[in-house]
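Novice: What follows is each chain in one-letter form.
2 protein chains.
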Amino acid sequence: MECIEHRACFGGWQDVYRHASSVLGCTMSFAIYLPPQAAERRVPVLYWLSGLTCTEQNFITKAGAQRYAAEHGIAIVCPDTSPRGEDVADAEGYDLGKGAGFYLNATREPWARHYRMHDYVVHELPALVEAQFPVTGERAISGHSMGGHGALVCALRNPGRYRSVSAFSPIVAPSQVPWGEKAFGAYLGADHAAWKQWDACELLGGAAEKLPLLVDQGADDEFLELQLRPQLLQAAAAAAGHPLTLRMHPGYDHSYYFIASFIGEHLAHHAAALRGQAGVPRG
Amino acid sequence: MECIEHRACFGGWQDVYRHASSVLGCTMSFAIYLPPQAAERRVPVLYWLSGLTCTEQNFITKAGAQRYAAEHGIAIVCPDTSPRGEDVADAEGYDLGKGAGFYLNATREPWARHYRMHDYVVHELPALVEAQFPVTGERAISGHSMGGHGALVCALRNPGRYRSVSAFSPIVAPSQVPWGEKAFGAYLGADHAAWKQWDACELLGGAAEKLPLLVDQGADDEFLELQLRPQLLQAAAAAAGHPLTLRMHPGYDHSYYFIASFIGEHLAHHAAALRGQAGVPRG
Chain A
304 MECIEHRACF GGWQDVYRHA SSVLGCTMSF AIYLPPQAAE RRVPVLYWLS GLTCTEQNFI
364 TKAGAQRYAA EHGIAIVCPD TSPRGEDVAD AEGYDLGKGA GFYLNATREP WARHYRMHDY
424 VVHELPALVE AQFPVTGERA ISGHSMGGHG ALVCALRNPG RYRSVSAFSP IVAPSQVPWG
484 EKAFGAYLGA DHAAWKQWDA CELLGGAAEK LPLLVDQGAD DEFLELQLRP QLLQAAAAAA
544 GHPLTLRMHP GYDHSYYFIA SFIGEHLAHH AAALRGQAGV PRG
Chain B
304 MECIEHRACF GGWQDVYRHA SSVLGCTMSF AIYLPPQAAE RRVPVLYWLS GLTCTEQNFI
364 TKAGAQRYAA EHGIAIVCPD TSPRGEDVAD AEGYDLGKGA GFYLNATREP WARHYRMHDY
424 VVHELPALVE AQFPVTGERA ISGHSMGGHG ALVCALRNPG RYRSVSAFSP IVAPSQVPWG
484 EKAFGAYLGA DHAAWKQWDA CELLGGAAEK LPLLVDQGAD DEFLELQLRP QLLQAAAAAA
544 GHPLTLRMHP GYDHSYYFIA SFIGEHLAHH AAALRGQAGV PRG
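Here the protein sequences line up with chains A and B, keeping their order. Just so you know, my numbering puts 571 at position 268 of the first sequence, and the rest follows in order with no gaps. Just so you know, my numbering puts 542 at position 239 of the second sequence, and the rest follows in order with no gaps.
The hints are simulated quantities; they were obtained by calculation from the structure and are not laboratory data. Fair warning: there could be bad hints in the mix.
Because identical chains cannot be distinguished in the list, a pair is counted as satisfied if it fits within a single copy or across any two copies.
Unchecked claim - Subject to a maximum C-alpha distance of 20 Å in a straight line, what follows is the list of computed EDC-like cross-link-like pairs (lysine to aspartate or glutamate): (1) K365 x D318; (2) K485 x E528; (3) K365 x D422; (4) K365 x E308; (5) K499 x D422; (6) K365 x D556; (7) K485 x E525; (8) K401 x D422; (9) K485 x E505; (10) K499 x E512.
Please model the complete structure; the sequences and the hints are all you need to start from.
Specialist: Here you go:
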């Protein structure tokens with residue numbers, strides 16, 4: 304593991320590391336913010352999953368989350384959004400292949416060899432982080448758009464692994480929208496039965512743990528009606544009796560200006576859960 | 304004037320406009336953050352001047368300043384760093400020509416025709432902003448690196464025009480460092496007498512107004528010793544009896560992670576001055 308960026312930020316350190324991933328079979332970069340408290344004790348970790356086209360850089364440069372992480376004493380780990388490298392399969396378009404791993408384990412070629420972002424994000428990366436940095440085993444997870452989908456799916460598939468989960472503008476029902484249909488068709492094949500285990504709306508019914516979901520959505524998001532469709536999550540949560548706080552924000556779009564505006568409330572939500580308090584967000 | 308970006312952010316709006324500049328003889332873009340208070344009353348304006356290679360985008364995407372601007376009810380206007388367009392002179396290297404206007408009025412060809420960033424930033428842009436947006440005539444100014452130089456020089460050359468001034472990692476003595484020597488030699492010619500009116504350390508002795516200077520500098524800034532040399536500003540301020548708060552921050556570098564970490568304190572400093580309070584920063 305090699306440190307490739309090391310920058311003071313809000314009294315802590317915003318670092319970027321490069322390492323060999325055995326799960327993905329390639330070299331990966333991830334970012335980690337260590338708050339000032341990490342100089343003296345182990346701190347819990349929020350995993351942030353970014354959206355289509357992003358790398359580990361977008362969130363750390365644009366979201367302004369370090370201020371809140373420093374206030375609450377939480378580390379933030381940001382993985383890349385897909386496997387990387389010249390021998391990794393790719394496709395035309397920003398919504399399949401590199402930058403578009405969808406946080407699942409692909410089963411179809413040419414994707415199955417490298418595209419195992421679920422296992423990387425849920426298992427390999429936390430094991431590395433927990434072995435190498437001053438962090439506890441307490442984890443929270445959040446993300447944006449494709450990464451919001453990833454956060455919800457990682458939490459729903461892995462009961463007990465996260466103390467809290469939240470999402471900005473998530474793709475809540477990938478099986479029913481164009482982004483998800485294209486990606487799932489390629490990564491998982493045509494059989495829609497295999498898609499259900501990677502779809503938050505499908506997973507809600509069988510969730511073994513009723514971890515409350517906090518979802519913020521811009522009401523003027525340009526992808527709202529075609530790709531995001533939060534009302535499907537609302538219906539699925541109601542049917543499953545799963546606690547969901549869905550907040551619609553008039554005027555806000557899909558950009559990082561939206562994330563920046565509300566990331567402080569998400570950090571507070573995760574901090575409350577990581578402290579062992581009831582992590583119920585305000586409605 | 305044409306609005307090319309309009310995004311909700313911390314209850315206000317982060318907009319970008321394009322307009323024809325008569326001072327610069329080209330089309331320019333600038334960003335303006337309008338805090339929520341601007342929906343109900345006129346608000347004062349902080350002008351932010353960015354550093355080498357930047358456009359109007361860097362500060363608005365990376366500094367996280369909108370949160371504080373929304374708290375204090377201050378608009379933030381970010382101009383570009385040079386004239387732009389195909390017929391605007393340019394040079395090899397990132398430190399001369401486009402992206403490197405140094406906030407002065409050039410007198411030498413091929414630069415003199417378009418490179419009049421001082422007059423644009425101090426006069427034309429504020430006149431436009433004050434005519435078109437819900438703002439008062441109260442102004443503050445700040446910036447980073449080349450833009451920190453610009454903020455100090457604009458304030459020192461124009462007594463009474465700004466209520467407060469601050470800078471991050473400014474080029475305090477361009478006449479004495481490589482970045483400034485290259486730019487001033489090209490824009491102003493070889494005669495160093497002409498350089499003095501664009502050099503903060505030189506201007507301090509004759510300043511008609513003792514506006515307190517707030518300067519933050521990373522102690523691990525990679526440009527500290529060669530290009531920035533804050534001790535020259537400290538000596539010039541002492542000799543002139545000019546109030547200066549220079550804060551050195553161990554560990555911090557030249558990046559936006561440094562700006563983000565302390566921009567909240569600068570907004571508070573400017574807010575105090577714009578409210579008519581003594582704008583004396585903590586030491």
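Novice: Under the constraints set out in the numbered hints, which ones does this structure not fulfil?
Specialist: Going through the list in order, the structure violates hint 3 alone and respects the others.
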